[in-house]
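Chains as they are written, first to last, in the numbering used here: chain F, -11 to 234; chain B, 89 to 455.
Since the hints were made in silico from the structure, they are not lab data. You can take every hint at face value.
Distance condition first, Cα-Cα at most 20 Å in a straight line; then the derived EDC-like pairs of lysine to aspartate or glutamate: (1) B:K230 to B:D289; (2) F:K117 to B:E433; (3) B:K259 to B:D278; (4) F:K117 to B:E369; (5) B:K230 to B:D210; (6) F:K117 to B:E393; (7) F:K117 to B:E331; (8) F:K57 to F:E67; (9) B:K230 to F:E133; (10) B:K455 to B:E435; (11) F:K53 to F:E67.
Read off the chains here:
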Amino acid sequence: MWNTIILEPMINALIFIYGLLGQNFGLAIIVFTALVRLITLPLTMQQMRSTMVMQEIQSSSRYKKMQEKYKKDKQKLSEEQMKLFREVGYNPMSGCLGLIVQFPIIIGLYQAVIRTLAATPVQLFDLSKLLYPFTPTSLIPMNSEFLWMNLGQPERLTLDFLPFAIPVLTILVVITTYLQTKLTTPASPDSQNQAMTQMMQIYMPLLLGYFAYTLASGLALYFFTSNLLGIIQGYIMRRVRERPAS
Amino acid sequence: MSKAFFSMKKYFLPVIFGLSTFLLAGCSSSSIMAASSWPGLTVNEDTAYLAFNEYVRAVDLSSGREVWSYPLEAERSLTFYAPPAIGPDGTVIIGGYNNEILALAPNGSSVNILWSFAEAGDRIIGGPVIINDMVLVPSADKHLYALDLASGEQVWDKPFEAQHALWSSPKIQDDRIYLSSLDHHIYALDLETGREIWRADLSSAISDSPSLTGDLVLAGTVEGILYALSNSHGEIIWQFKAEGAIWGDPAILDGVAFFADVSGTAYALETATGKELWRKELPGSSGASPTIMEDRVFFMSETGEVTALLVENGNPVWPSSATMVGRLLADSIPTNYGLLVPAMESECVVFGVDPSTGAARCIIEPK
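Same shape as in the complex, but just chain F (with noise of 0.2 Å):
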């Protein structure tokens, strides 16, 4: 049911996509990204505008008073908190709810990646398996070949007058995933969320930085674009939510 609904139509949507894009698989994976993310938007556009009305809820200084006064009482804290909440019109599973939804997309979309690729004979079986009859196999296998990059192997630049190897894409990796995280998070000032949304921002760049400087660096292209993507999204939304107050 996973492969039918959700792995199937994106691998064989990339592999057309490939195909428009003269055989580019590194341009493939950027346009592909590019265009679940804007069939998503709606979904992560409600989940960012949740984030930033908490966050804008958690800088009031009503809700920082609220915290002081019922700081041993979190029972009444709660129902005040929702009380506040519904006074402001803001439903806190707004934001959980796109999430909830994106999740299968995003963990689909990187299955999809994984598997296009191909990079090795089991993974090309399985890949045949999942072609609809239409699907021109004479795309496959993919041209892995982007840039300086072989899209299959983990990435890393090399240049003549230095004695190492730069990954690259892994240092950009880290920078967005935490750029994106650290725009996703709302900042809390609940110690226990603080610590935990802490704990993401340093973890998440960390072990997307660790794919993408041990797996396939199609893998790691496909984290920067999303992350890249993410990033120009919230700053736009951002700039649009505080024009009406300046």
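Given the coordinates of chain F, work out where chain B should sit on it, guided by the hints.
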């Protein structure tokens, strides 16, 4: 509900994060870090040579005892899947996913490294082939290397270069090499120099070696077409459209080619004309080449079944297919110890199947 949800919300992001980490890590390990190919098996007299994951092992088939293993201690970065080639003096040629080719000299329970060749730029996936005093090694870096069996030095002026990765062993007939590539081409090369004699564009990737019979070269494509080419100039003599992608090379007996496809259909065609003699449904997708033993042909299904059909009419030999736990994607080998069937994702790496009854037992366990 909202209140309850709010009290849970602080756990929500970490849970989603943990779940995504688990899934991403799970996906990556299963797809890239775990066994990325099927076992490579070669049999020479009473010894089976198995390349799988971190080891190449020699196993005495008469006793089931492991004779030697290389390396002694597993290294995560060093994995082997290409079927080893065995020289006339017992030299074992292996190729690894670390791009290196090694010549091993077994000495009792240990092995000495005679030479190594480290100039390939990508993994060795297809098995090396020994011909006369030369070793031919296909590499995923698009090159076919010809090495001196004794020294490991390159024999040709330069290696032959295809347009895409070489994942399968070359076949040799007379003074020519026939080579298939993921670049959609079958190449005929001069054995002595490595120079191209002809190439045939089949419009789709060819994942396994071609089969040679008489003056024909047979090759199946991912598009699902079996081609018969003339071995002199590479022109297409006939072609046959199967139901699904073709992975394994055809097995040939008495003018009949047997093969199966990813849709799980087995075929028998007349090699001279491409005329279909019979077709049968298999229990699952097939990626391995069939194996012929006497009057029967054995098809491996990815889902773990071995099906024995009569060469003559495709009727089943056993009441039902022999079933094993694991994916059967590697080519099986007929031996005096039964049909040896390599498996992946299994608690047994090589099964021995009795060709008369279909009874299966584990011959080689994972290390």
